[in-house]
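Participant: Can you build the whole structure from these sequences, using the hints too?
Letter by letter, the chains look like this.
Number of protein chains: 2
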Amino acid sequence: MEHAFGTAPRTVVGFDDDISAIKTLGNKLVVLKTDMLVGSTDIPPGMTMKQAARKAVVANVSDLAAKGVRPSAGLVALGLQPRLTRRDIQEIASGLSAAAKDYGFPIIGGDTNESRDLTISIMLFAIASKRRLILRSGARVGDIVAVTDEFGDASAGLTALLKEHLHHNSLSPALSRAVYRPRAELDLGVALGASGTLTASIDSSDGLAWSLHQLSQASNVGIEVNHVPVSKATREFATRFHYEANDLALYGGEEYHLVVTVKPNKFLLANKVARGRLLSIGVVTRKADGVRLRQAEGYSQIPMKGWEHFRGQA
Amino acid sequence: MEHAFGTAPRTVVGFDDDISAIKTLGNKLVVLKTDMLVGSTDIPPGMTMKQAARKAVVANVSDLAAKGVRPSAGLVALGLQPRLTRRDIQEIASGLSAAAKDYGFPIIGGDTNESRDLTISIMLFAIASKRRLILRSGARVGDIVAVTDEFGDASAGLTALLKEHLHHNSLSPALSRAVYRPRAELDLGVALGASGTLTASIDSSDGLAWSLHQLSQASNVGIEVNHVPVSKATREFATRFHYEANDLALYGGEEYHLVVTVKPNKFLLANKVARGRLLSIGVVTRKADGVRLRQAEGYSQIPMKGWEHFRGQA
Chain C
1 MEHAFGTAPR TVVGFDDDIS AIKTLGNKLV VLKTDMLVGS TDIPPGMTMK
51 QAARKAVVAN VSDLAAKGVR PSAGLVALGL QPRLTRRDIQ EIASGLSAAA
101 KDYGFPIIGG DTNESRDLTI SIMLFAIASK RRLILRSGAR VGDIVAVTDE
151 FGDASAGLTA LLKEHLHHNS LSPALSRAVY RPRAELDLGV ALGASGTLTA
201 SIDSSDGLAW SLHQLSQASN VGIEVNHVPV SKATREFATR FHYEANDLAL
251 YGGEEYHLVV TVKPNKFLLA NKVARGRLLS IGVVTRKADG VRLRQAEGYS
301 QIPMKGWEHF RGQA
Chain E
1 MEHAFGTAPR TVVGFDDDIS AIKTLGNKLV VLKTDMLVGS TDIPPGMTMK
51 QAARKAVVAN VSDLAAKGVR PSAGLVALGL QPRLTRRDIQ EIASGLSAAA
101 KDYGFPIIGG DTNESRDLTI SIMLFAIASK RRLILRSGAR VGDIVAVTDE
151 FGDASAGLTA LLKEHLHHNS LSPALSRAVY RPRAELDLGV ALGASGTLTA
201 SIDSSDGLAW SLHQLSQASN VGIEVNHVPV SKATREFATR FHYEANDLAL
251 YGGEEYHLVV TVKPNKFLLA NKVARGRLLS IGVVTRKADG VRLRQAEGYS
301 QIPMKGWEHF RGQA
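Going down the list, the protein sequences come from chains C and E. At position 98 of the first sequence the residue is numbered 98 (the working numbering), and the sequence of numbers has no breaks. At position 258 of the second sequence the residue is numbered 258 (the working numbering), and the sequence of numbers has no breaks.
There's no promise every hint is true.
[Unchecked claim] Lysine-lysine pairs mimicking PhoX-like chemistry, simulated, CA-CA at most 25 Å apart:
{"hint": "1", "chain 1": "E", "residue 1": "K287", "chain 2": "E", "residue 2": "K266"}
{"hint": "2", "chain 1": "E", "residue 1": "K263", "chain 2": "E", "residue 2": "K130"}
{"hint": "3", "chain 1": "E", "residue 1": "K23", "chain 2": "C", "residue 2": "K28"}
{"hint": "4", "chain 1": "C", "residue 1": "K130", "chain 2": "E", "residue 2": "K23"}
{"hint": "5", "chain 1": "C", "residue 1": "K23", "chain 2": "E", "residue 2": "K130"}
{"hint": "6", "chain 1": "E", "residue 1": "K287", "chain 2": "E", "residue 2": "K305"}
FYI, nobody ran anything at the bench for these hints, they're computed from the structure.
Facilitator: Listed below in structure tokens is the structure:
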């Protein structure tokens with residue numbers, strides 16, 4: 001097999017991280033990411049085509065953000081249902097373009113098909129230096145576990161829509177924003193990645209508990225959570241509709257905050273880089289301790305579970 | 001926007017060619033390609049999951065082959081119907097792996113989803129030198145138009161299955177191979193690309209007539225076809241079932257031969273590089289002449305049409 005630069009590229013990050021990467025030249029890595037949005041499972045009631053397209057971009061960018069890497073270019077493969085109107089398709093295109101512009105990369109190509117399920121498959125390309133890429137696998141015992149935002153709004157919002165059957169117009173602003181207009185923490189992730197303060201990082205698109213378990217497995221460590229970061233809007237929703245606020249925050253998904261581990265002597269610097277947005281939620285422990293929650297009454301294990309997709313609701 | 005190498009990558013090939021490319025470092029281009037296979041429109045009756053997965057890879061590789069570029073790595077995003085069995089999914093995985101191995105690249109990441117329509121979205125990454133990338137736009141008046149194989153087997157095979165309702169076991173070997181086990185001309189495309197003999201190139205996945213029109217538009221030239229390259233098996237099928245063999249060859253699709261334009265004084269060299277596989281089918285003419293067929297009785301225009309997808313047949 002002939003290759004540019006005379007050598008076969010070597011896979012340095014494979015299926016077990018947020019992104020994939022191969023070595024090409026010197027210390028530069030080519031970073032690739034694909035994430036597919038499927039209408040029947042990823043589009044909640046009330047979401048516009050434009051918002052769905054943006055969400056597809058956000059899900060991809062968020063994984064790069066967690067690695068501290070900016071996208072350089074993107075491709076989009078679309079599967080469009082025959083029943084979509086010209087306006088729907090224009091909305092999708094405009095949502096994709098606007099989101100790509102927001103995150104600073106061009107969409108340089110793609111493929112359009114007919115499908116029985118709306119499909120927006122995005123691929124991002126980026127270049128990173130190997131030294132700077134923050135993987136899931138670098139967490140060490142004693143590191144501080146931190147997040148970039150409070151959790152629960154997306155799962156509270158989806159619960160409101162799908163289990164409580166609230167109309168989308170009656171969601172609180174925070175819940176509505178989390179469900180319909182999620183954002184990827186690209187600037188924050190890149191700044192943190194460049195600061196040299198992180199040891200591991202992951203995004204939280206499968207939920208906080210899920211992300212903690214992924215970090216735990218990849219880094220071969222345990223994680224002790226001493227504070228579940230629950231948002232105010234989630235608490236209010238939980239109280240009103242009788243849910244456990246902690247569960248909404250831990251076992252949600254479709255949120256795009258970053259979950260990072262920080263060298264203990266670098267936390268202040270990291271939080272300065274993050275402009276005060278880091279919330280410490282626990283510490284890295286030995287593998288044998290698992291992923292657990294410390295509360296006044298003692299320890300409990302945090303199971304590896306997350307939000308189940310809302311099949312058939314769209 | 002911060003970028004590797006300090007400069008924003010510049011898009012050098014966009015939506016109007018088989019692939020997309022951006023400039024990164026010196027004369028090196030990053031080449032990206034995505035093509036999505038959708039079950040309801042791209043999988044003919046009788047095709048196994050393994051064959052479908054291979055076809056998805058072939059469709060992507062073929063576009064790189066037409067540019068003279070080898071893939072360095074691939075990503076796969078899957079949309080899987082809930083009714084697929086474990087065995088179906090294993091077949092898809094094994095078809096993807098085997099095809100990637102055949103074409104010499106690793107699949108380094110992906111995403112798996114539930115969908116109402118089988119979706120196999122592949123993205124390929126490659127590195128090329130700008131000088132060597134054979135675009136659609138380089139054909140010049142007087143160049144020889146050539147193809148790497150005879151046409152018609154895929155459209156004859158699909159016509160047999162979908163219009164004549166033949167069972168897939170009763171297709172002739174050539175038609176069966178064209179429909180179920182298509183191949184991308186990667187080695188041939190790379191060799192031709194490196195030989196410096198081509199001025200333009202495209203694959204024929206949308207049919208020969210379609211490809212000729214794309215070359216014509218991108219290069220701003222006309223094309224005169226003096227010989228329609230129809231395969232023997234297509235002629236036999238056409239005679240038996242009363243189709244026009246020329247039409248099957250011109251207005252087919254799902255074939256992955258290369259359609260190239262060659263500098264007239266380099267045709268012998270090009271054909272040597274291609275080990276005698278180049279078939280001259282015509283010449284590049286002035287734009288005003290359009291894409292036309294020269295026969296004993298005179299000229300006729302070749303319309304820009306191709307095979308219509310077989311929606312709802314799978």
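Participant: All hints are to be evaluated individually against the structure, with a verdict given for each.
Facilitator: For each hint, the structure was consulted:
no.	hint	in the structure
1	K287(E) with K266(E)	holds, 23 Å
2	K263(E) with K130(E)	holds, 19 Å
3	K23(E) with K28(C)	holds, 15 Å
4	K130(C) with K23(E)	holds, 20 Å
5	K23(C) with K130(E)	holds, 20 Å
6	K287(E) with K305(E)	holds, 19 Å
In this structure, every one of the numbered hints holds.
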